[in-house]
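Guided by the hints, dock chain B onto chain A, whose structure is given.
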Amino acid sequence: MNNRGGNLDAIIWEIRLPRAFVAVFAGAGLALAGSATQVSVRNPLASPFTLGISSAAGFGAALAIVLGAGGFIHTYLGGILVLSHFPLIISSFSFSLLATLITIFLAKLKGAAPETIILTGIAMSFLFSAATSFMQYFGTTEQVASIVFWLFGSLSKASWDGFWTIFLVFVAASIPLYRWSYRYNALLIDDEVAKSLGVNPETLRLTSMILSSLVTATIVSFLGVIGFVCLVSPHITRMIIGSDNKYLFPASALVGANILVLSDVVSRTLLPPIILPVGIITSFLGVPLLLYLILKKKRHWY
Amino acid sequence: MAGLRIENLSFSYGRRKILENVSLEAPKGKILCLLGPNGVGKSTLLKCLAGIIRPNSGRMILDGRDLKEVGIKDLSKLVGYVPQNIGPVFSTTVFEVILTSRLPYFNWSPGRADIEKTEGIIKRLGMEKLAFRYTNEISGGEWQKVVLAMALVKEPSLLLLDEPTSNLDLKHQVDVMGIIRELVKNKNLIAIITTHDINLASKYADVVALMKNGSVYAVGEPRCILNEKIIQEVYDVKVEVIRCASLFVSPV
Numbered sequence: 001m002n003n004r005g006g007n008l009d010a011i012i013w014e015i016r017l018p019r020a021f022v023a024v025f026a027g028a029g030l031a032l033a034g035s036a037t038q039v040s041v042r043n044p045l046a047s048p049f050t051l052g053i054s055s056a057a058g059f060g061a062a063l064a065i066v067l068g069a070g071g072f073i074h075t076y077l078g079g080i081l082v083l084s085h086f087p088l089i090i091s092s093f094s095f096s097l098l099a100t101l102i103t104i105f106l107a108k109l110k111g112a113a114p115e116t117i118i119l120t121g122i123a124m125s126f127l128f129s130a131a132t133s134f135m136q137y138f139g140t141t142e143q144v145a146s147i148v149f150w151l152f153g154s155l156s157k158a159s160w161d162g163f164w165t166i167f168l169v170f171v172a173a174s175i176p177l178y179r180w181s182y183r184y185n186a187l188l189i190d191d192e193v194a195k196s197l198g199v200n201p202e203t204l205r206l207t208s209m210i211l212s213s214l215v216t217a218t219i220v221s222f223l224g225v226i227g228f229v230c231l232v233s234p235h236i237t238r239m240i241i242g243s244d245n246k247y248l249f250p251a252s253a254l255v256g257a258n259i260l261v262l263s264d265v266v267s268r269t270l271l272p273p274i275i276l277p278v279g280i281i282t283s284f285l286g287v288p289l290l291l292y293l294i295l296k297k298k299r300h301w302y
Numbered sequence: 001m002a003g004l005r006i007e008n009l010s011f012s013y014g015r016r017k018i019l020e021n022v023s024l025e026a027p028k029g030k031i032l033c034l035l036g037p038n039g040v041g042k043s044t045l046l047k048c049l050a051g052i053i054r055p056n057s058g059r060m061i062l063d064g065r066d067l068k069e070v071g072i073k074d075l076s077k078l079v080g081y082v083p084q085n086i087g088p089v090f091s092t093t094v095f096e097v098i099l100t101s102r103l104p105y106f107n108w109s110p111g112r113a114d115i116e117k118t119e120g121i122i123k124r125l126g127m128e129k130l131a132f133r134y135t136n137e138i139s140g141g142e143w144q145k146v147v148l149a150m151a152l153v154k155e156p157s158l159l160l161l162d163e164p165t166s167n168l169d170l171k172h173q174v175d176v177m178g179i180i181r182e183l184v185k186n187k188n189l190i191a192i193i194t195t196h197d198i199n200l201a202s203k204y205a206d207v208v209a210l211m212k213n214g215s216v217y218a219v220g221e222p223r224c225i226l227n228e229k230i231i232q233e234v235y236d237v238k239v240e241v242i243r244c245a246s247l248f249v250s251p252v
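Protein chains in written order, with the numbering used here: chain A, 1 to 302; chain B, 1 to 252.
Calculated directly from the structure, the hints in this document are not laboratory data.
Simulated pairs of lysine to aspartate or glutamate, EDC-like, Cα-Cα distance not exceeding 20 Å:
hint	chain 1	residue 1	chain 2	residue 2
1	A	296	B	137
2	B	68	A	192
3	B	77	A	190
4	B	203	B	221
5	A	246	B	114
6	B	73	A	192
7	B	73	A	190
8	B	73	A	202
9	B	77	A	192
10	A	110	A	190
If you only want the chain A side, here are some residues facing chain B, beta carbon under 10 Å, derived:
hint	residue
11	185
12	191
13	197
14	238
Glycine residues also receive a C-beta, built at the ideal position from the N, C-alpha and C atoms.
The following block holds chain B by itself, in its conformation from the complex:
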């Protein structure tokens, strides 16, 4: 199957079980949004897929290859991962930071192709004006775009974004999600995005997976599964779902 298939994935920190038998399929060219309360294991699942941590059992199959068997360097070419809340820490230009992300493709220093790809992604995200600004002088929203560019410049086939819009205002949220959606469709990527914003997920996700107690509780199209009953079971909050052009979920 073309796409990502997660089978019975389990992970625990010592005795504390975080993920228990997670099974999930993420098709190509679609955005999958992971929803669920804090501490449910959304970020842990992304970390397993990105090779940051090793699951205790289960398989993660991307285009027929088990990601557990892929070496760290090859994996870094396949997967573009953006962790939560990383801040700009040192003064260098936006261009150099994005170029650094081509690391899996070069040895001593970046070549012509790496520089061209970096230019390409900067144009694509409309960041030409930012390119030679210092990373500690740009705003939080701009930085989040830089981090996204770092994941995209590797030309991964699997994009893992941990709350990519958490620090963004409404305009930047729409901006960033729009760019992600367009890239996923055009380049036929697989994208898994965690978020706490159910409304954002309902607008941009092709598939939504709700997690509860370390496993997947419900998967499906947002319209089908984002209903009052499931949301209450997962989040323990009474809500009212208003169906207009897209869904609107409001606590009551």
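Just chain A, same shape as in the assembly:
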């Protein structure tokens, strides 16, 4: 790095590029996880978030913040600066997976019916939200502010480490999910039909839950809760190209990536120099698009 281009290099390579790359793959990963979850539990309202992952991740982060894991320094302005994000990431990741495993374990006891998975997921979601509120109630003002800021979800924490982790998990999960796209088509018709086509519905459902939770937990633990993308990208895609999963999975990943990148650009340019949390912008941008498609399309899309 020479002196002339030093600052520019640093801005591009260490701040802008990792942020853009993380946005692309986080958006794609969230959308893919959303599609896989909706398809495998046959419910258009399901997403890894409704199955309790976001609130469990939130609880994990809150716990790490309140316990002071990773170390803090108090800034002159009265805030706190987290020295190492690593314990926080590990904690929120572990709790997201814990929520998923509890959901899957309970569902497995009852034969992995879609309704059981959804209800258990919702129960997990409420449990961890309550636990997070509990943390906030007893936390100091700075800790509460820190928790709230984390819950917004933001790309400002993006780094190359984060990018590589998210990228690898995304690739690892998307290969089997894409390979099974015809099995998901069969599963969408009916459990018995799937079984008569040589697909074990229970195994497929649980495996895809694990894969989509893994992707979501990775993204959420690095960036915080970025809602909306995983619920709505699949719907937007379905309205445009139909619900054949062979096309839905890749296309919805593309839609998710675009929503998140665009939201990031908007979040940085809307009220400069303030950078708004991207989790807020995704909803502001995505809702009008979704409503437009709902009103314009007459066909049932699910």
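Below, chain B alone, put in the same frame as chain A:
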């Protein structure tokens, strides 16, 4: 023996016995209609044969192989199963839905042969005009044909249809049953069809099996066993059987 032989098949949901020592033979190239009152175990029997549920005891032998020993993927090539009342749930084309049913034959995505077989079955069932319509835009009768096509495109040797004509008007009933009869004869398939329509069974079935209390009560040609006495014993309804070109069973 070429054909399907069911020997002493029993199945129970927990303590509730559904099937008790069902023994039945279904020959090749013939349609066997399963009749009997609601809850007698007709659908359960089909589910056992399709590998959806596992019988507690007994054997199901298809061309010398016990279906219980066949793996889920091989079984799905042998058996074409159409459950009751499945509705179109997602928007994709009729062609893609039928193509999905070739699943046991491909891994990543369907090949040329799968696409050709799908085209073939669509022509055979006269559904060319439907092929690129969306499944949630077609009528109930058309959907029932799509489901039948899904079972046929796998080229199974055993066809299990659970009330394939329950949602159909008279024209579509005759249409669908005619297609099934023709395919069963030409391709030498075994077909087991459940129905509540005794008249339809008497017209299209080569063999009729009446079930009562979880076992087979009477088997034989429709003309021989669909009489007032047996129908009253099985359904607990007094009927009059009128014999014309085919039988006509009318409650009295």
